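Asks: The lines below spell out each chain.
2 protein chains.
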Amino acid sequence: MRYGVLGAGKRVRAILLLEFCRACGGSWELAMPFACAIEMVHAYSLIHDDLPCMDNDPLRRGKPSCWKAFGETTALLAGDGLLTKAFETASGSTAPPDRALAALQILAQSAGDTGMLGGQVIDLEYENRPMPEELLVRMYGQKTGALLRAAVKIGCVLAGADENKIFFADQYAQKIGLAFQIVDDILDVTGDEQALGKPIGSDQESGKTTFVTLYSLEEAQKQVEALTDEARRLLDKFAWEDEFLCTLTDRLAVRKN
Amino acid sequence: MRYGVLGAGKRVRAILLLEFCRACGGSWELAMPFACAIEMVHAYSLIHDDLPCMDNDPLRRGKPSCWKAFGETTALLAGDGLLTKAFETASGSTAPPDRALAALQILAQSAGDTGMLGGQVIDLEYENRPMPEELLVRMYGQKTGALLRAAVKIGCVLAGADENKIFFADQYAQKIGLAFQIVDDILDVTGDEQALGKPIGSDQESGKTTFVTLYSLEEAQKQVEALTDEARRLLDKFAWEDEFLCTLTDRLAVRKN
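If you read the sequences in order, they're chains A and B.
Residue 166 is where the first sequence starts when you use this note's numbering, and the numbers rise one by one after that.
Residue 166 is where the second sequence starts when you use this note's numbering, and the numbers rise one by one after that.
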């Protein structure tokens, strides 16, 4: 469990959760159990994704993936353990119980069959055949977007933000979520294996539909820039103490790993 | 997910949760989301336990196990989905938020590395070598006992019961939990495959330590009876409307599946 969650990683979901809580007037200490929980959910999903019966990936973040390092059985249980620990940690929140309960429901919904797991299922169903663009956007929205959206919404909810704020935060997360996934598609073609910590070209090899196969590299890059601009503008709806989140939003668009 | 959770099964955990909520003056409607949640957690654990990298079991409750019916990948995700759905369902509880949050934490703790999953890990570590009795009791306490204890405690907590009631409920669950597991050990030797819905003799085949290998069939049966008596007496601490739970306690000791 530690190997899967405490290694390298950008901690984007945790950072977004803490920052949006702060932007809505909450304290980040209040949001910390949920920030940890969302990283555990993310880590569990990577451990199970890498398993032989899933993507059969031997490498993750530049190290042997969990099953490669500890065996399949231990990796299965470590993933199960992290998903469970996420809810154990979040339910220990000291936020007002009604807010904590609402936040827990957002977390569970985003990770489940109508969120991340549902996206995973679509992904597997179309592994070796072309996926229509509409479904690709939906799949990305569930597989990557759902947890990012949960992160910002949970931050807002824990701070007691109004519906308006939650709406704009959600819009923001949808933009950067799609941009994030398109950047992944681009990096799988143009990326540096050393910086990425995983082999490139795997999408093409497995015949996956991506934004790069649907459009061109240039067109995909333009979409990332447009989405990032829109996301940046949505940040104006919040009163920020500093420029941290604007900088983060820009940096995600030009990331190399 | 439906195949794994809606098939045959005794629903012991759900029934205990609902009954203890009622015994502490709560309404069973209030406890229903948690009763569903705990059955989902139980069902997920069975799906993952049966996987090829775990027990490699082709049969469950008289039907092909989930991976045998739908393939390994789908079974993995169905288990993940049920675990997630459990917390989604429980967090939708209409109980007072502070009680719901406390109940959620009990559920997560009982299922995680200090509970059910931890027991699973001990079990796997000793798969082909003898286990000392002390560790066997601890392993049973975690693998089967933790979720049964969670069931009764959650029922009490949702009803707003005092610490005393929760303590006696927990004691009760510990007794029937151990008895339940010893009966499993006995049925693996004396059971009827048709009634059980799974092959017998699997413990002996895999060289597992059980209460039957540690003692004799007769001695194990005596322990079941003693534990059941103790459990029955603990029920006197609660004011029951009817004899249902007393009958259930007795029936669990003489069950054939």
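Accuracy of the hints is not assured; some may be wrong.
Remember, identical chains collapse to one label, so a pair may be satisfied in a single copy or spanning two.
[Said to hold, decoys possible] In silico SDA-like links for lysine to any residue, alpha-carbon gap of 25 angstroms or less:
(1) Lys-233 / Cys-218
(2) Lys-363 / Asn-422
(3) Lys-373 / Phe-235
(4) Lys-421 / Gly-236
(5) Lys-373 / Thr-238
(6) Lys-402 / Leu-361
(7) Lys-373 / Gly-236
(8) Lys-233 / Ile-331
(9) Lys-421 / Ser-210
(10) Lys-233 / Leu-171
(11) Lys-373 / Thr-239
(12) Lys-387 / Asn-221
(13) Lys-402 / Arg-167
(14) Lys-233 / Glu-292
(15) Lys-233 / Val-286
(16) Lys-228 / Gln-270
(17) Lys-421 / Phe-332
(18) Lys-228 / Glu-299
(19) Lys-402 / Lys-421
(20) Lys-421 / Glu-328
(21) Lys-373 / Arg-398
(22) Lys-228 / Cys-218
I should point out that these hints are in silico values taken from the structure, not numbers from a laboratory.
Please read all numbers here as calculations on a predicted model, not as lab measurements.
Asks: Tell me, in ascending order, the numbers of any earlier hints that this structure violates.
Replies: As far as the earlier hints go, 4, 6, 8, 12, 13, 16, 17, 18, 19, 20 and 21 are violated by this structure, in ascending order.
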